[in-house]
Amino acid sequence: MNRKFRRLGVALTSVSVLSLGLATAGLGSLPAGASTDPGVNTGTKTITIGATVPLSGLAALGFADVSKSAISVFNYVNAHGGVNGWKVNFIVKNDCYNLGICGAGNDTTSQTANLLNTSGGLFATVGSLGTATQVSVENTLKNAGVPQLFVNSGSHYWNNPSTYPGLYGFQTNYLAEGKMFATYIKATAALKSAKVGYLGQNDDFGQDGLQGLKNGGVTPNDSETYNATDVVFNQPTFKTTLAKFQSAGIKVVVLDTVPQGTTLALTAAKQLGYKPTFFISGVGSDPQTVNNANENGAYSMTFLPATKLTTNKWNAWTSKVLTAENGTSMNGVSAEAFSKNKYLNGNQQYGVAWSVAFLEALYKVTSSNGVPTRSGIESALTSTSFATPAVVPLAYSSTNHQGLTGGYLVKVSSASGAANQYTTAVNTTVYHVDPNSQALTTTKVSYTSPATWLH
Amino acid sequence: MIKVANLNVSYGAVKALRDVSFEAPSGAITAVLGANGAGKTTLLRTISALVEPQSGQIFLDERNLVGMRPEAIARLGVAHVPEGRGVIGEFTVDENLRLGAIAHKVTLAEGIAEQFELFPILKERRKQYAATLSGGERQMLAVARAMIAQPTVLLLDEPSLGLAPKVTFDIMTTIRQLCESRKLTVLLVEQNAKSALRIADFATVLHVGTAIASRPAAEVAADDSLREYYLGMPSS
Amino acid sequence: MLRHTTTLQRILLSVLGGAIAIGITFFLSGSNNQLLALATAYAITILGLSFLTGWSGQISLGHSGFMAIGGYVTALWLQHFSSTPMVLTLILATAAAAVGGVIMGLPATKLRGPYLAGMTLAFAVALPQLPESLGPWAGGSQGIPLQTPTAPHWFANVVGGGPLAIIATNYQYDAIVGILVCTVAFFIVSNLFASKTGRAMRLVRDNDVAAELVGLNLPRTRTLAFAISAGLSGLGGAVFAYMNGTVSPASFPYVLSISLVTYMVLGGMGTLQGAVYGGLLAVYATQITNWISNTVGIDPNSNFGLNFQNILFGGLLIVTMITAPRGLAGLIHLLKGLVQKQMSKQRQ
Amino acid sequence: MNGFLTNRILSDVLYGITNGVTIGLVALCLVLIWRSTHILNFAQGPMAMFVTYIGLTQMDHGLGFWPAALICMVVGFLFSGLTERLIVRPLYNKAEINPIVVMVGFFTVLEAVATAIWTNIPRYPVAPFSSINFQAGGSPTALSPLAVFQIVLAVGAMALVTVLFNYTKLGLQLRASALAPEVAKLLGVRVNRLLTLGWSIAGVVGAVAAVVVAINPSGMSPSMMDGIFILGFVAAAIGGLESPLGALVAGVSMGILMQFINDYWNSNYADLVAVLILIVVLMVRPQGLFTKNTARRV
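Residue numbers (the numbering used here), protein chains in the order written: chain A, 1 to 455; chain B, 1001 to 1236; chain C, 2001 to 2348; chain D, 3001 to 3298.
In case anyone wonders, no lab produced these hints; they're calculated from the structure.
Incorrect hints may have been included.
Here are the simulated PhoX-like cross-link-like pairs (lysine-lysine), alpha carbons at most 20 Å apart as the crow flies [unchecked claim]:
hint	chain 1	residue 1	chain 2	residue 2
1	D	3169	B	1105
2	A	270	A	251
3	A	214	A	186
4	A	214	A	313
5	B	1127	D	3169
6	A	275	A	195
Build out the structure end to end from the sequences listed, making use of the hints.
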């Protein structure tokens, strides 16, 4: 055997040794008994759930608040005796939204593998964030029999119970949001005859948003798109689009933009001295973003109580929980950092909303069964209407896995400074859009309050 | 005067120069002769400090140059025209000349005028890129660029390389004239022993890194054994 | 390396290596097998990059783009012809990426290093934007899902057992499929390198003037090197698509190109085993970082902790390139030498 | 007159110029380092970003914009020179790909360190120039005071760099040190010092470019230079990496072209078109459009 030949041998041996090392590390991870569902430990009375979310990288801006607020809630409830004695063990894995800046290995696929490899098993994923990221693992999780609850994204894909029976969305989808904007525009005297311009992201977010507008009877006089990467590589396109709208005499502009896109569009309008009425998707309209860019404010849609309502029962509870758990952590990820003098932001409310929804389902199951099961949680979701912070019920059914199906219009405050970073309800009308028929109905707003066992 | 004493240079395990000692007197041309690979270029590069010697000394008059940086040696008035001429092709003739004067306290305009007088062809080509010049013109430019700094010592590495005999003859003649008019100390490394011996006062013959003879040029030219065995020149 | 082995030796070695790696999968947990499957995709891609860099002296910062071509061709093809055997799809993806490599390689032949690196980087930036603009058939930012290889029944019967058996079996099956593709790719490259073409490429790298003097067609040799390299990365992208179950613009961001260069250098560029180390590093980088964070006591959730991986691997890249350009492969070679010296001493 | 000032085509040209000068400034830095060390600095964007953070975050402590910008330039000078000494110097005699890879590593490290220190939440340093467009007869023109400032700054920087390289002794030595370090040494040029100085000067221009980016509407963030760097490279390569004027002209042309694509076609194709143009230019003229066609080194 010559030298070169041996060198390949050595290479292969070292690979083998490396892999063997990894093998021993991974051995014995299968759960022992099969009497309970994976992730359920009847001894310690804990239930293990997980999520893949961006904690670093561009998409973590704002979005990291969501899962961290959920950690605050789980920590708070665990510390106050749990749910019928059951504690939630929540494992958050950073996938950088698959934006790669974290390096290979931090992608959703690898991190989902890590979640599935949790000792004792994984009960369900809850609150994983992003459409594309979740799509990339939905088959893996389905084949593993792991329910995928409360995906954090407004895509209508989640509402597909025939193909993905274990997959549940959470928030009102972009189609519904667009329809609500259109309905409001048509019902408002000052806006209904105005020319409308639309700027949306060149993906399901923008496509669904535009379709929603059209479903609501508003066909924009001009509709434009931008690529997700344009916020980095082609920023001038936002100004070009706004200038186009301005010269066309457009008075109402609907934006389906991520926060950076919102900033670019609103700043461009400011530079042009252009003051249309803006309607911005809830995805990109957090008060901080709008505040910094333009003093004229904007309309948006939310399914959560307007943040100016500090005395709202849920807002007050959320503030209490976030304040109490400030500085704690779970599985190496810290809870949301929150100081009491601030208004809540939408991402914090959102994280609290779905974590409360999970606790409600868990409460329901453990009240009747004692030991939580996957099928029990799923039947609790589809058979009951939960009271969450949302102003619309979380109404899953065998034909609806979308979750929330409505919301109300809010005005994002215009003055700058942290003291003015809040939203106020425009009126008392709550819209509901049926996720299957797209039919729109309205009700008067009524706010719920936290159950007493939530403390 | 350049004096080299017991100079040893190695490239890794290969010894390029072994105990080389010789003197290049002021105001005279000393030719360093030898076959390809004899260590001629290494000798010049060591004097200019581009190569570090293992041991030995190099004196410029009374000053030991070993341990100094190349640019400091240049600033002392030692001009080195490297093998392949070292003309910067991306620079114009003018820029090459300006670069020659840059580290020295000389009047640029006068210096350039002087060189143009010496090499009229360069004046015609002054706006051209050096890369577009012919081989002879490039050699002229290299010498002119070295001379503009008004050096006291001129180290020339294979000026005849790749030139036609007629051009070589002209260049060598100019070098002789420069040496005489400026009282220059010239160290002329050449494989083309015949041209070099024509203008040299003294000659050192290198063979595989060893100096085997250091004598007046005329003696070397007359020594049949040296000519045949080391310089590749047939007996006349 | 490997230039003095015979074809038979290379076949035997490849079979042996593949068999050992497959044997290992039986000891791995499902999730580690899944990571191993992804690692084979990265290893093939890094092999392509390494081929270009180590064996032709050029560097590309655009190989995520070729991966994307391979991945998308696979997904699009399977969308319409879902019953195509995997082998055919992989060949198709490789060919498509190689064609892309020829197009990019044409200017590359005339360019010096920095121009080429910059041009390929620009390519990697621009390419992932295409699917979002081409219309629904290209999948948009959602990407295109595809079916990951599923273990056939006989395989499940042989390996199965335990409550998570089906998924665990599937992951192991994926890993084995990846290892098989990987083995074939490495075998082909080792052959290529021993061939006349391989010698020509090395000559071009070491001395392009001499290469032209002996009558080599310089542009053609370089374009060929680029095409082979791109083709391998396309194959890596195709395997990635199969193992990941979906391709989307987010799967191939331009920063992935930078990660690929990082793991290639750390693994050891220009060597076969370096590409293997690089692929494993790529999937285990996070675990390695976490392990170091825990050992050193860095709060993984602090601002520093969240950025520690990039600081660590970027820093390692700089240090490796300056002090030990042969990377992990070189280090292991060095250690092996030391051990052998010690052993021969003892024998005396 | 008003109609002319607000004319769509003219507006597009003006917007294109405003966007293009920033691209041109980045390209200019690349040209600077290329001409003074023959290295393409892939970490140039993050280096400039890092320096800008050090300088402009001083505004949080009440420092004015101009002193903060001055700090950026001084720190840029020092940081860039130090980088050359510590990281780049060991690479001069290595294969061409070594400095590329090392600078890619430096790119990663700098961006991560900046994120670790300052987080990736954007900041909005306030420039002393309004970004609100001038009005002409009630409708906005395509120029704002900030845009005018950016254009003047870029043209000024380009002119200074051109003068430096082509008409000063320093420039001659910088170029010689990069092209033929050994020859330059033999002529008495202190090459090592000049290589450092070349990087330092590029560091100052880089700081200027990054400050210009930071005061744009999208604000300042650790990744703020990523996009503009790639466009800047494309411009520098089209211009030829040798010519400051070429860098600016190519940058502005790209700015205008992208603006027209955004306005009349589809913004989604703007980047792709830029890359296609680069590939075509490099195929036809590998040395770029503005580099005179000389034979390579002699």
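Hints that the structure is at odds with (numbers, increasing): 4
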